Amino acid sequence: MNAAACYFLNGMESETSAIARGLRRRDPDLLDRLIEQYQHRLLRFLVYLTGDRQLAQDLFQETWIRVLERGNQYDPKHEFSTWLFTIARNLSIDYLRKKRPASLDELLGEENHSPELPVDNRPSALEVATQHEQAERISAALVCIPAEYREAVVLRFQEGMTLEEIGAVTGAPVGTVKSRLYRGLNALMPLLKGALG
Amino acid sequence: MKRDVHEQVREWIASAGAAGLTDSQPSWVQAHVQDCESCRNYAEAAGQLIRCLRSAPLAADLSLVRTTQMRVRLHAQQLRQKQERLWLICASCALVGLMAATTTPLLWRGFQWMGEWARVSSPVWQVGFALFWIAPALAASVLLLARGTYLTNNGRWQG
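Chains as they are written, first to last, in numbering that gives the first Met the number 0: chain A, 0 to 196; chain B, 0 to 158.
Calculated directly from the structure, the hints in this document are not laboratory data.
It is possible that part of the hints are untrue.
Covered stretches of chain B (in silico footprint by chain A; criterion: 3 or more residues with CB under 8 Å from a CB of chain A, positions within the stretch not fixed) [unchecked claim]: (1) 57 to 65; (2) 68 to 75; (3) 98 to 107.
Keep in mind it's a predicted model, so treat the numbers as computed, not measured.
Cβ atoms here follow ideal geometry from the backbone N, Cα and C, with glycine treated the same way.
With the rest of the complex left out, here is chain B (with noise of 0.2 Å):
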């Protein structure tokens, strides 16, 4: 039970840092501190090393500081050109499924109306409309990927 009164009051005294050795602390903790010279010394030593802690003298070099100004400016710029980029696509995106959406049905009647004409089958027309449909994304795709291979080749997407 003593004991643990003992720890109770280090605790405080360790937790409080230097404002806890003033007459900041609890009443408790200072009728205690002062009948208890184990208590008493472990509250200046405590006091001792807290001050040395705040001692230590540590900066930063300003070398460091200007190199990371210019690094987060440099991110910055980065992140932004790639929200832009990223705004750019997503409003492609949005328009070439608008075009699609409306001029799909048109196509679909075109090809049909051909297919009468030419007195084909159903399922003929309806390949090449389908063929026609997707040739365009198929067109990208390949592009793409021409390019992703020739940059990886070069090394440019490396490191």
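For reference, chain A alone in the conformation it holds in the complex (with noise of 0.2 Å):
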């Protein structure tokens, strides 16, 4: 291994470990600048993983409880965001499972099939317009798709992990991962037709 990989992997694990020490401590501070660091991604997946942004926004705050209360248990040898985001996606899918006892398609009833409208800083009126209904029918396209497909699309293409990270988040080998990714990019092609290039 060279030095600046040495290096860059030093300073991961320092980190990982600092926020280990700080959770084993409940440290406030430290709880409120992962809360704000993580905001957007973690309120993301939950979003697109439920298909309803109002559970996703009471999930959002159980998933930092949950960090709060099992913080000993985080190991700093991972990353953090692997071990958020599988709290956040266990508890979606006992939340789910309680309310339904099926997959997490069918949390989505009729009324819900419009799941999100997103949030869009962009200045130009027609630009938000454009990109408020691009979202839409992202997330629409999303929650047509089987939801395990689902996670491994999000995880992947929306927040950027590896395929081994995802396979520690959903619990599922390399391979399914994998696979799961091109069964989803297959399902979603021809629902995101009209919005591609």
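Could you use the hints to bring the two separately framed chains together as a complex?
Written as structure tokens, this is what we have:
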């Protein structure tokens, strides 16, 4: 391993170790910083996973409460985001199982098929409208594909996780993750045909 | 066999994402994509789809962040208080245990002496000792039960 990689890995490990120490102490300042740092990523993941912004916001809060309660279980050998997304995913599944004992897709009632109105900071009104429309179309398409494909696609292409990290979050082998990504993209392509390019 | 190669290449492209549609792809994928028009089209479509997915803006509201931070801080405080109370209970239990271990033999001898002095049979002073020994724990249990019933009736433990 070269010196730069070594330095990077040591840096990452010291950061995750600092997070682990803070979580064990239940340091409120650290938690505030982490909530701010991961706010958009976590909410986006939950919104796309559940297809319901209100529910995603509730689960967002519950996820951080769980992080606080189980902070001593965080292993600094792994990325914090992987652990965070695993907690969020498990909470979502627990909630959805209690609500309706089947797949995540069943959460979506007929009234919920357009799940998300995204926040947009673009200055132009036309751009804002276009982006809203695009995001809505993407959200609607995502909730139409099976949940296990959806989470793989969201974690890979929106959160930028590696295949191994997705495997750690979902508890699936890398081969399964690859297959889910392939099938997920194949399922999305016809749904987003109009939105592409 | 031919179909398997297409599937393999497409699966590779799908799992590699946008990074896979550049020069970083392995030579066998590159060679296949150059020769196979349908896989080339698939790679382009996948690239467009991934860019489209990445372009979707979605942000958390400031109010959600602030509410979460407040809830987390409050919960952290409650957990700390709970831990302190638990520590106090543990320390009290340890102290009570220690006191009981040291005083029980003395109390036993005291009751034995009183039994002999009052000329009562052994089972009688032994029952007296047992009642005296268990009385504080019984009283504490009754008080705690009464407190629990009172709190439940007043709805303080509900919700």
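Quiz item: Against the structure shown, which of the earlier numbered hints fail to hold, in ascending order?
Solution: Of the numbered hints, just 3 does not hold.
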